[in-house]
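Chains A and B, in that order, give the protein sequences. Per our numbering, residue 6 is the first one in the first sequence, and the count goes up by one each step. Per our numbering, residue 70 is the first one in the second sequence, and the count goes up by one each step.
Just so you know, not all the hints are guaranteed correct.
As the list claims (entries may be wrong) - Partner residues aside, some chain B positions facing chain A, computed with beta carbon under 8 Å:
(1) 82
(2) 85
(3) 188
(4) 193
Simulated from the structure, these hints should not be mistaken for laboratory data. Keep in mind that this is a model prediction, so the values were computed, not measured. Backbone N, C-alpha and C fix where the C-beta goes; we use that ideal spot for every residue, glycine too.
Here is how the chains run, residue by residue.
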Amino acid sequence: MSTKQTWLAATPGSGSVGPVEHLRSNGDLEEAAGRRANILLVDDRPEKLLALEAVLGPLDQNLVRARSGKEALRHLLREQFAVILLDVAMPGMDGFETASLIRQRPQTEHTPIIFITSINDTENHIAQGYSLGAVDYMLTPIVPEVLKAKVAVFVDLFKKSEQVRDQARQLHAFEEAQHRRELAEAVDRLEAETKRNRFFSLAIDMLAIAGFDGYFKQVNPAWHKVLGFPEEELKSRPLMDFVHKEDHSGTLREFKRLMLGSTTEYFENRYHCSDGSYRWLGWTAAPFPAERLVYIFARDITNQKHAESEIQHLNSQLKQRVKDLMEINKELEAFNYSISHDLRGPLRSMQGFACALLEECSEELGEGGREYASRIVSSGRYMDTLLRDLLAYSRLTAAELTLSPIDLNALLADVIEQLQNEIEEKKAVVNVEPSLDLVVGHAPTLRHVFGNLIGNALKFTDPTTRPQVRIHTEAGTDSVRVWVEDNGIGIAPEHQGRIFGLFERLHSGPAYSGTGVGLAIVRKGVERMGGRVGVESKVGKGSRFWVELAAAPRT
Amino acid sequence: MNSKPVILHVEDDPNDVVLIGLAFRKADLAINLQVVNDGEQAVQYLSGEGPYADRHTFPIPALVLLDVKLPRRSGLEVLSWARGCEQLRRLPIVMLTSSNQAADVNRAYDLMANSYLVKPSALEDLVDLVKKVTAYWLELNVKPLIGEDEGV
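Excised from the complex, chain A in its bound form (with noise of 0.2 Å):
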């Protein structure tokens, strides 16, 4: 192919023009036409050479020299020729040896020959000329003009060829690409059907394509693994046969609504399976009614479903044993008011009549009489206070508290009042700082609680030190601890964990007399109303107790 000689490339004119692998622009055919030809002058005298070349110069074409019939074949070897001029007369192989050989590839059969000869010869010479595939037949003396003319049009027909050749090379490529395009395209629609039809057998959802004839056409193999049963079956029968019964209507009324052309945002209904079990579906599904297909998207949500029943019992369960506390709390109500009264009753006489004892008979009862009625007089007021307290607790649990803020700096003010026997007697000191936080508390609650911590500072004190009490308040972010410290006997460390427990005492005797409900109280009281309590001590080093409740908000 000429375009793809090298020394065409670096021949002026036609230098730019590279291989042919791509399109090329009508321009690009144009420039084939400019390209020169090459001519190839055959002749063992350089003389004749010379001249042929004097006269097809004008033609501005490239002009190839072989002095023998082999330098042809060489050159036709490497390149496309116009046209060719051979002398027949040579030395070694003549011109139509050469010529034979030129014919016999495939290559150059049709390559033109113009056969030249000085031998002003026979017929027969003229007839060999022909019939080995020349064109033309020339003799010397050559006419010039004759020769250029005809070199002129060969060189104009190969040109002219070359383009057609061009042309169909570059329609091909175009047809070429065209069809890799179009293989490309088809490649890219499989691959893309292949992903899609991954993500449908491989999506743990339930996809299907069912038809408004009520028929599955598609379904994915996730409805085999829930239902079980196999993709043809389920294909084959109406697919309202898969429905649950009591399911069929509202099933049917959503399909009705789909074949309308409305969107299915989500509706549950139960399948059967083909264990004779059925499985609850919850599914979206969107109508395309142009090619009257349902797509479905489906999900098992029977886990679900038997979880949100299982809710349902355990709510109900729940309500029932709410009702149950309920009722057991009013029986303990009612058991309290029977503590109150029944119990207290009895105790009241056993403590009367000791005293009437004491005071009516104490003649006849002796020392040693008046001693034992004495004991039952003081065992009779602690169980009395046992009992108070017992029922200050049990009253606390039971008991609806409404919580307001609480201006602790009266509310203490009128504890302190309470207290102000104990006080004058242990001649104690109870500081309460002024503007105390504003806490959120049950003002009769917060009294009893108090009442008992105070209570406990003034009585839990070496009888040699004269107590004293401080509180004052901690604002926290938002919260506020209330600090109740005394400079009393302490509590080991061992013991300040148990102290805030029911019945729990840490003395016995006289001394430090108690029922050890006080501080239960305390706790219970404090975490009715939402708050914590603590305390910080060393024996002999007095005790700080905390109560710790929400602030009030500022106004």
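On the provided structure of chain A, position chain B as indicated by the hints.
Coordinates of chain B only, in the frame set by chain A:
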């Protein structure tokens, strides 16, 4: 005729009857203490029926000390009955009970009890209580007209 003012004590618990009697004795008050043991007897006494028909022996009291928990008819029922009675509706009735249940307290006041007292456990406190009650209701308090005298 006994000229001392009558206090009717309605009490089912025999111990309390004795103890309160003892307290009155120790308080050394010039009163005539009458005792009945249940709500029905209280109604009979106040209306002068049955064994209490004789008003000389069983005069209309100047004050009733009424327990809340009573057999047959509760103290609150007796109270309610008395307040619905033309002749007894102004009669000073003081509840004297061991119950300090808020429900009982409020109900008693709703039914127009004049006062509500809880029995103290110590004898000396009981003596103190009967002294104060008597002093207040029989001496300090201005008595209303009760019974047949009404409307005169």
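Checked hints:
For residue 82(B), the interface hint holds, the least distance from its beta-carbon to any beta-carbon of chain A being 6 Å, beneath 8 Å. Because the closest C-beta pair between residue 85(B) and chain A is about 7 Å apart, less than 8 Å, the hint holds. Residue-level restraint check for residue 188(B) holds (minimum Cβ-Cβ distance to chain A is 6 Å; threshold 8 Å). Because the closest C-beta pair between residue 193(B) and chain A is about 7 Å apart, less than 8 Å, the hint holds.
Hint compliance for this structure: every hint is met.
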